[in-house]
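Engineer: Residues per chain, in single letters:
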Amino acid sequence: MIYFDNASTTRIMESSRCVLIDALERYGNPSSPHGMGVEMNREIHEAARKIAVKLGCFPEEIIFTSGATESNNLAILGGLAKFKRRGGHILSTPLEHPSVLQPLHHLQSEGFNVTFAHPEEWDAYLNDETVMVSFSQVHNETGDLNDISTIAKRVKQKNPEIIVHVDGAQGFCKEAASFSCVDLYSFSAHKFHGPKGVGGLMVRKGVRIVPLMHGGGQQQGLRPGTENTSGILAMAAAAEAQWEKQVEHRTHVSDLYCLLSNLEKELPDCFINRRSDCYSPYILNMSFAGVNGETLVHTLTQERIYISMGAACRARKKDRSPLYSLPGMDDVRVKSAIRFSFSVENTIEEAETVKTVVIRCVNELRNRHATKGSY
Amino acid sequence: MNKKVLLIKYGEISLRKGNRALYERRLMDAIRARLRNFAGDAIHVMREQGRILVEDTRGDIDGSSVLPMIQSIFGIAGICLCVKTTEDDLKNLKVTALDYLREVRPNHDFSFKVETKRGNKQYPLTSNEISAEVGGYLLEHEPGLSVDVHHPEMIVWIEIRNYCYIYTESIRGEGGLPYGSSGKGMLLLSGGIDSPVAGYLTARRGVEIIPVYFHSPPYTSDRALDKVLDLTRRLAAYTGGCELWVVPFTETQLLLHERVRPERLTLLLKRAMLHIASLLGKKEKALCLITGDSIGQVASQTIHSLAAVDSASAFPVLRPLAAMDKQQIINTAQRIGTYDISIRPYEDCCTLFVADHPECKPRTDVIENIEKYIAELPDYWKAAADNAVKYEIK
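Sequence order for the protein chains is D and H.
Following the working numbering, the numbering of the first sequence begins with 3 at its first residue and continues without gaps.
Following the working numbering, the numbering of the second sequence begins with 1365 at its first residue and continues without gaps.
These are calculated hints, taken from the structure and not from any lab test.
Treat the hints with caution; some may be incorrect.
[To be verified] DEER-style ranges, computed between Cβ atoms:
hint, chain 1, residue 1, chain 2, residue 2, range
1, D, Ile361, H, Arg1587, 53 to 61 angstroms
2, D, Asn264, H, Asn1695, 17 to 25 angstroms
3, H, Asn1751, D, Val334, 32 to 40 angstroms
4, D, Leu26, H, Ser1534, 51 to 59 angstroms
5, H, Lys1548, D, Arg322, 57 to 65 angstroms
6, D, Asn264, H, Pro1680, 52 to 60 angstroms
[Stated by the list, open to error] Just a sample of chain D residues kept apart from chain H, beta carbon distances all over 10 angstroms, derived:
hint, residue
7, Pro32
8, Pro100
9, Ser101
10, Tyr127
11, Asn161
12, Gly199
13, Asn264
14, Glu296
15, Thr301
16, Met331
17, Glu347
18, Lys357
Where a beta carbon is used, it is the ideal one built from N, C-alpha and C, also for glycine.
Can you make the complete structure from the sequences, with help from the hints?
Structural biologist: Set out below in structure tokens:
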């Protein structure tokens, strides 16, 4: 079995799993006034501190959520709630995850003005009405990488009041960055070998978020509900382990990326789908013209190789894949797009096997469809 | 003694003369099977002079729980929640009717009439006399009531059979004939909107349906198969269970794709499906095939196209949707709960190999000859049928 779908989810690493299971035994509610609760509260705070150190913020600026989708919604809807009456301008990019695009579309219908432009074009769009910018550190479909520090700094120079939100789901613990000008940063444990169902949002002091839920007042009222204590501790353990070896991991994954991207040279009508040369080696989106992406995914499944389609299934036309915004993308390339996404656990041997199998399968599928019957 | 029971009305079965007992038995078995998990042996189902009586031996029947369990059984025309009384004298009938009326309609300002049916012709009064007596008694004791024999707001029904039954409401059943009473048919189930509706309509006429799904990995995904399993489960809610055949179709599909022109490919694929379904039908001792074709809906469903594929079937091909519009089919699919499952976006094998300009008016002899030229085809059909996998769906 070869798993090359790590952008979708990653295997929980051993140390994180041990912490998760161990933490299930210490089941105190962090809000309880007694010893068990106080002890658990301390552990949660320590987990927040571990993550805060990496983001260059205070532990109390870390809000724990159920994952990056909730964090993105909290950041965008919660961050802009105070502007609801007067409206405003929001700047984002065409290459964003649905958990950013959908809240933005919702705000559009509420009267906000939203521009989708690539960050290098932003100078033309930033204006006095702009209240927030939101962009991804790494795009989940193409692997395109945004330089957080440069972009955030430029925005703050234009107007320090603009709220800067970054979706770090695919970048946290994988891509080095400076977060000094970032106000809101989303992350999700299961993308960096932690458990599913837990993530977080960094909320800089001074940025006012209106909570999406109302309840018992936990986490300064910003995200009420009993915390997923075992998940949080396991997430912090995964973050520690992954952050420390970020550079080493990235180097290894780059080798895997290079190996597979050579498919571009070895097969005709084969394209790498990304916007620029600034990319994360963890994600490789490719099209093999003439081969339906979903069919190739199923064919590889039969060989026990697990990858994903390069363009997520979208039912309605107005939710067209962001892939269309890339230069040279047309229906043929979008329909034939597939995505390899790597983790530090993948090996060179696996990459070589996948490359060989992909070449065989693509040739076979292309040959089948090239022959047309004559009867 | 009075007790709440259910009286089941069945429609066309009463016209079946010699086969009536058989149909009744099938219907009673179906009702018993549905209620077994709910109440074990406590609920008795028995014939009651042209009706079926469903009675809880422990006391009043729990209508609100039992009704949903049996409402989807084919063959039931109506279900009445009644009060049954074992004392059939007129005085008791009057008192029971009054108590019942007071219970079901506490507000008494409405118009009504009494309708009586005597299954038991030995009863001393005629139906009209009973209606008049009981009606008069009700009027006397409930001043707000008024009689309207033409357009009453409520009808009080009295049925005199082995016992007496009084009810005011008959809830409509699915109708049709008892499931399985008309023989077996192989249903070509694609996962689209149409074929599940074709299956439902045929099952409703008493045909035991055996769905057949053509699976083409890697062109069709496991999620498409899951969708078909869910559709079969939905149909099983009406039939009480189904057996689904999943046929590995990839080899046959690729062979035809290699040899046949794109414009004719769909027709040869449909013929292959009918051949394979016929082979399975022979195993299952089926008497027909059933498809979701609707005339003119797509190129492969023009009458010319239907004619060009029919000879591939060893059995008569039933097409219950032939004269229905798409909207009528959708309405039925929504009512029976298959629509939302059918519109899940997973490709079935029919859609991936469609040509840009398929033939709409093929010649039957040409299509049949093409099939003969490809000499290996019968081996492919046989292999597909032999390697088909059966799923038991409850």
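Engineer: Take the hints in turn and mark each one as holding or not.
Structural biologist: Status of each hint after checking the structure:
1. D:Ile361 <-> H:Arg1587: 53 to 61 angstroms: Given range 53 to 61 angstroms: violated, Cβ gap about 27 angstroms.
2. D:Asn264 <-> H:Asn1695: 17 to 25 angstroms: Check failed, 55 angstroms falls outside 17 to 25 angstroms.
3. H:Asn1751 <-> D:Val334: 32 to 40 angstroms: Once the Cβ atoms are compared, 34 angstroms apart, the range 32 to 40 angstroms for Val334 (chain D) and Asn1751 (chain H) holds.
4. D:Leu26 <-> H:Ser1534: 51 to 59 angstroms: 56 angstroms, holds
5. H:Lys1548 <-> D:Arg322: 57 to 65 angstroms: The hinted range 57 to 65 angstroms is violated for Lys1548 (chain H) and Arg322 (chain D), with Cβ atoms some 47 angstroms apart.
6. D:Asn264 <-> H:Pro1680: 52 to 60 angstroms: 58 angstroms, holds
7. Pro32: 40 angstroms, holds
8. Pro100: Given a closest Cβ separation of 16 angstroms, the condition holds.
9. Ser101: Holds, since 20 angstroms exceeds 10 angstroms.
10. Tyr127: At roughly 35 angstroms from the nearest Cβ of chain H, Tyr127 (chain D) sits farther out than 10 angstroms, so the non-interface label holds.
11. Asn161: Asn161 (chain D) clear of chain H: closest Cβ-Cβ about 43 angstroms, beyond 10 angstroms.
12. Gly199: Fine: 23 angstroms to the nearest Cβ keeps Gly199 (chain D) off the interface.
13. Asn264: 24 angstroms, holds
14. Glu296: Nearest chain H Cβ is 7 angstroms from Glu296 (chain D), so the label is violated.
15. Thr301: 4 angstroms, violated
16. Met331: Holds, since 21 angstroms exceeds 10 angstroms.
17. Glu347: Holds: least Cβ distance 25 angstroms, greater than 10 angstroms.
18. Lys357: Lys357 (chain D) is indeed farther than 10 angstroms from all Cβ atoms of chain H, at 19 angstroms.
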